[in-house]
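2 protein chains.
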Amino acid sequence: MLKNDLFLRALRGETVERPPVWMMRQAGRYLPDFMKLREQYDFFTRCRTPELATEITVMPIRQIGPDAAILFSDILVVPQAMNIEVEMKPGVGPWLPQPIRSAADVEKVIVPEIQQTLGYVMEAIKMTKRELDNEVPLIGFAGSPWTILCYAVQGQGSKNFDKAKRFCFTQPQAAHLLLQKITDTTIAYLKEKVRAGVDAVQIFDSWGGMLSPEDYPTFSWQYIQQIIDALKDEIPVIAFAKGCWYALEDMAISGASAIGVDWTCAPETARKLTGGNITLQGNFDPTRLYSPPAEIRNRVHQMIDAFGKDRYVVNLGHGILPDIPVENALAFVNAVKEYKTP
Amino acid sequence: MLKNDLFLRALRGETVERPPVWMMRQAGRYLPDFMKLREQYDFFTRCRTPELATEITVMPIRQIGPDAAILFSDILVVPQAMNIEVEMKPGVGPWLPQPIRSAADVEKVIVPEIQQTLGYVMEAIKMTKRELDNEVPLIGFAGSPWTILCYAVQGQGSKNFDKAKRFCFTQPQAAHLLLQKITDTTIAYLKEKVRAGVDAVQIFDSWGGMLSPEDYPTFSWQYIQQIIDALKDEIPVIAFAKGCWYALEDMAISGASAIGVDWTCAPETARKLTGGNITLQGNFDPTRLYSPPAEIRNRVHQMIDAFGKDRYVVNLGHGILPDIPVENALAFVNAVKEYKTP
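Protein sequence lines correspond, in order, to chains A and B.
For the first sequence, the numbering used here gives the first residue as 1, with consecutive numbering after it.
For the second sequence, the numbering used here gives the first residue as 1, with consecutive numbering after it.
A portion of the hints provided could be inaccurate.
Straight-line alpha carbon distances no greater than 30 angstroms define the calculated DSS-like cross-link-like pairs of lysine-lysine that follow [said to hold, decoys possible]:
1. B:Lys-36 - A:Lys-89
2. A:Lys-163 - B:Lys-36
3. B:Lys-36 - A:Lys-159
4. B:Lys-232 - B:Lys-36
5. B:Lys-159 - B:Lys-108
6. B:Lys-163 - A:Lys-89
7. A:Lys-126 - A:Lys-340
8. A:Lys-108 - A:Lys-36
9. A:Lys-36 - A:Lys-129
10. A:Lys-340 - A:Lys-309
11. A:Lys-163 - A:Lys-36
12. A:Lys-159 - B:Lys-272
13. B:Lys-159 - A:Lys-36
14. B:Lys-191 - A:Lys-272
15. B:Lys-89 - A:Lys-159
16. B:Lys-89 - A:Lys-163
17. A:Lys-272 - A:Lys-340
18. B:Lys-108 - B:Lys-36
19. B:Lys-129 - B:Lys-108
20. A:Lys-129 - A:Lys-272
21. A:Lys-36 - B:Lys-163
22. B:Lys-3 - B:Lys-340
23. A:Lys-163 - B:Lys-163
24. A:Lys-3 - A:Lys-191
25. A:Lys-163 - B:Lys-159
26. B:Lys-3 - B:Lys-163
27. A:Lys-272 - B:Lys-108
28. B:Lys-3 - B:Lys-89
29. A:Lys-89 - A:Lys-163
30. A:Lys-159 - B:Lys-159
31. B:Lys-309 - B:Lys-232
32. B:Lys-3 - B:Lys-126
33. B:Lys-191 - A:Lys-159
34. B:Lys-309 - A:Lys-89
Everything labelled a hint here was simulated from the structure, so no lab data went into it.
Since the structure is predicted, the reported quantities are computational estimates derived from the model, not experimental observations.
The following block holds chain A by itself, in its conformation from the complex (with noise of 0.2 angstroms):
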């Protein structure tokens, strides 16, 4: 059926003849014809856009090549169902002009019927699966509750999310109600994305790292963890946790497919955290693909190596900065092509 099947069999834990490659946020800004569109339509129009979400989707498979694509979407699609206005505003980022800040802001926000309120995400799945034709596989994504919290409590992006994790210490009730909503939630559309037919799903944990090790279980790994188990029989997921490296033996032994990486984890010791049997997803660092090509290819080939070719997933340790060069993206995705087993 999948006429390039790489990526689920390395999710498998499969032996393969080389690991398969993306790369977070590869349908985005550092694509000419993605700013063509970006010129013409805001943020969550193109969003909420089926025709628009596929085109941006199925763009890099045609430009770059990647082994799997992943739909253009945002996390942030899921606090605006859930009754939290969110804005995209330029050169600020997702602005929420509302913020969650007590127990009666939670009280007010709700636990969707997903059709009603994300039913265009459905439909940019099953466009985008009929548009790739089977070429190579789809994943759908969301992200972690505590991500989430730390936009709706925040209000915007953040160095430290300091009014986010203020919430939580202070009014510890009002956060773990919060976080449970956001949870089923996540776990309703993500099973609604399976039925659309999504290949696999990813979660995103964009802000896990500004939690303690002692604090990541309570706010933030819990939920991960209901995800994981209301969806693994479903699909395979991956769970991604930026800057959470001391959290890395727990979420091996989650049941999730496999773990992402970010690049302040060197290979080696994503491995051994790990227990060396769990598929392993990452980590090249999104500025090293600033070097020139011939660099970003010898770098990629000793990240392999380092990784070792089964059980792995090249990508970057976060998404692609919008200022490099598509020729340097290619390098990346091609380096991995022209890998051989040393």
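Could you slot chain B onto chain A? The hints should help.
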């Protein structure tokens, strides 16, 4: 001589009745009296006027009672002395009108004569030492060369310092020339501080954690090691690199008297990574000071139990945040003073 030498004894690894405590950024915006001075004098005026720097440095000693003072100043006075213009923009933070982007820019950077350019810091040290009257030791500090480069090239704070890293990865020769100039200046600067009377120095590598474990030794650690080598026979050196848990093993054998640890590395892990024989400093999550005072107290006691009372300096895992209630900062310091070995 010193009435309270607990801090210096901990740096020497001696057995102590309880660990010493101080807080990064303890002289700062959470103190109402600091805010009054802030309304009257702009940031660099406060740094450059020895009377003001002294008053601000001594303020937390009188009001909060830590076991060490740290001179009020900023890591960016060093690039200023090197002919790099640095402003402090309200609401933005550090801002450089002409960031360094080329080898030609690096050429214009000077290694300055210290007394001529930074004599005001030495005046502030002498004045503070008189004012402290040997009550507690005084810490002097500098930014790491990498962290200074981050600001000098990026031109302002950043969530990923992409421009700084691009500069290093595409123009490594120019980057290393700049790093060496900053290193030479920093060594001369810290030696002058020692002559002026500080009792210990701390190197802040605030943005070390932006680099991968592979790039860290090249672009950051080798320069910090030069500084430690040049200073360690004259004075105790503390190295603090935020986000650099992966470098703790190397840091432990560097000749530094103590290693700072941020809040994302558990005490037991930090002890394990550093071999158990070096003094560690840290690592209370700064946002955990939002917790109620009784909870702060319990968590501080647990932290001391986990690090062990000897070869340990209680501190935060990063600077104190501006909106922490004074009573919570007091609860933190007092919890250490009340500590009894279990």
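Against the structure, the hints:
{"no.": "1", "hint": "B:Lys-36 - A:Lys-89", "verdict": "violated, 35 angstroms"}
{"no.": "2", "hint": "A:Lys-163 - B:Lys-36", "verdict": "holds, 24 angstroms"}
{"no.": "3", "hint": "B:Lys-36 - A:Lys-159", "verdict": "holds, 26 angstroms"}
{"no.": "4", "hint": "B:Lys-232 - B:Lys-36", "verdict": "violated, 38 angstroms"}
{"no.": "5", "hint": "B:Lys-159 - B:Lys-108", "verdict": "holds, 27 angstroms"}
{"no.": "6", "hint": "B:Lys-163 - A:Lys-89", "verdict": "holds, 22 angstroms"}
{"no.": "7", "hint": "A:Lys-126 - A:Lys-340", "verdict": "violated, 36 angstroms"}
{"no.": "8", "hint": "A:Lys-108 - A:Lys-36", "verdict": "violated, 38 angstroms"}
{"no.": "9", "hint": "A:Lys-36 - A:Lys-129", "verdict": "holds, 23 angstroms"}
{"no.": "10", "hint": "A:Lys-340 - A:Lys-309", "verdict": "holds, 9 angstroms"}
{"no.": "11", "hint": "A:Lys-163 - A:Lys-36", "verdict": "violated, 36 angstroms"}
{"no.": "12", "hint": "A:Lys-159 - B:Lys-272", "verdict": "holds, 29 angstroms"}
{"no.": "13", "hint": "B:Lys-159 - A:Lys-36", "verdict": "holds, 26 angstroms"}
{"no.": "14", "hint": "B:Lys-191 - A:Lys-272", "verdict": "violated, 42 angstroms"}
{"no.": "15", "hint": "B:Lys-89 - A:Lys-159", "verdict": "holds, 17 angstroms"}
{"no.": "16", "hint": "B:Lys-89 - A:Lys-163", "verdict": "holds, 22 angstroms"}
{"no.": "17", "hint": "A:Lys-272 - A:Lys-340", "verdict": "holds, 24 angstroms"}
{"no.": "18", "hint": "B:Lys-108 - B:Lys-36", "verdict": "violated, 38 angstroms"}
{"no.": "19", "hint": "B:Lys-129 - B:Lys-108", "verdict": "violated, 36 angstroms"}
{"no.": "20", "hint": "A:Lys-129 - A:Lys-272", "verdict": "violated, 37 angstroms"}
{"no.": "21", "hint": "A:Lys-36 - B:Lys-163", "verdict": "holds, 24 angstroms"}
{"no.": "22", "hint": "B:Lys-3 - B:Lys-340", "verdict": "holds, 21 angstroms"}
{"no.": "23", "hint": "A:Lys-163 - B:Lys-163", "verdict": "holds, 28 angstroms"}
{"no.": "24", "hint": "A:Lys-3 - A:Lys-191", "verdict": "holds, 25 angstroms"}
{"no.": "25", "hint": "A:Lys-163 - B:Lys-159", "verdict": "holds, 17 angstroms"}
{"no.": "26", "hint": "B:Lys-3 - B:Lys-163", "verdict": "violated, 47 angstroms"}
{"no.": "27", "hint": "A:Lys-272 - B:Lys-108", "verdict": "violated, 46 angstroms"}
{"no.": "28", "hint": "B:Lys-3 - B:Lys-89", "verdict": "violated, 40 angstroms"}
{"no.": "29", "hint": "A:Lys-89 - A:Lys-163", "verdict": "holds, 20 angstroms"}
{"no.": "30", "hint": "A:Lys-159 - B:Lys-159", "verdict": "holds, 6 angstroms"}
{"no.": "31", "hint": "B:Lys-309 - B:Lys-232", "verdict": "holds, 24 angstroms"}
{"no.": "32", "hint": "B:Lys-3 - B:Lys-126", "verdict": "holds, 18 angstroms"}
{"no.": "33", "hint": "B:Lys-191 - A:Lys-159", "verdict": "violated, 33 angstroms"}
{"no.": "34", "hint": "B:Lys-309 - A:Lys-89", "verdict": "violated, 49 angstroms"}
Of the numbered hints given earlier, the model fails hints 1, 4, 7, 8, 11, 14, 18, 19, 20, 26, 27, 28, 33, 34; all others are met.
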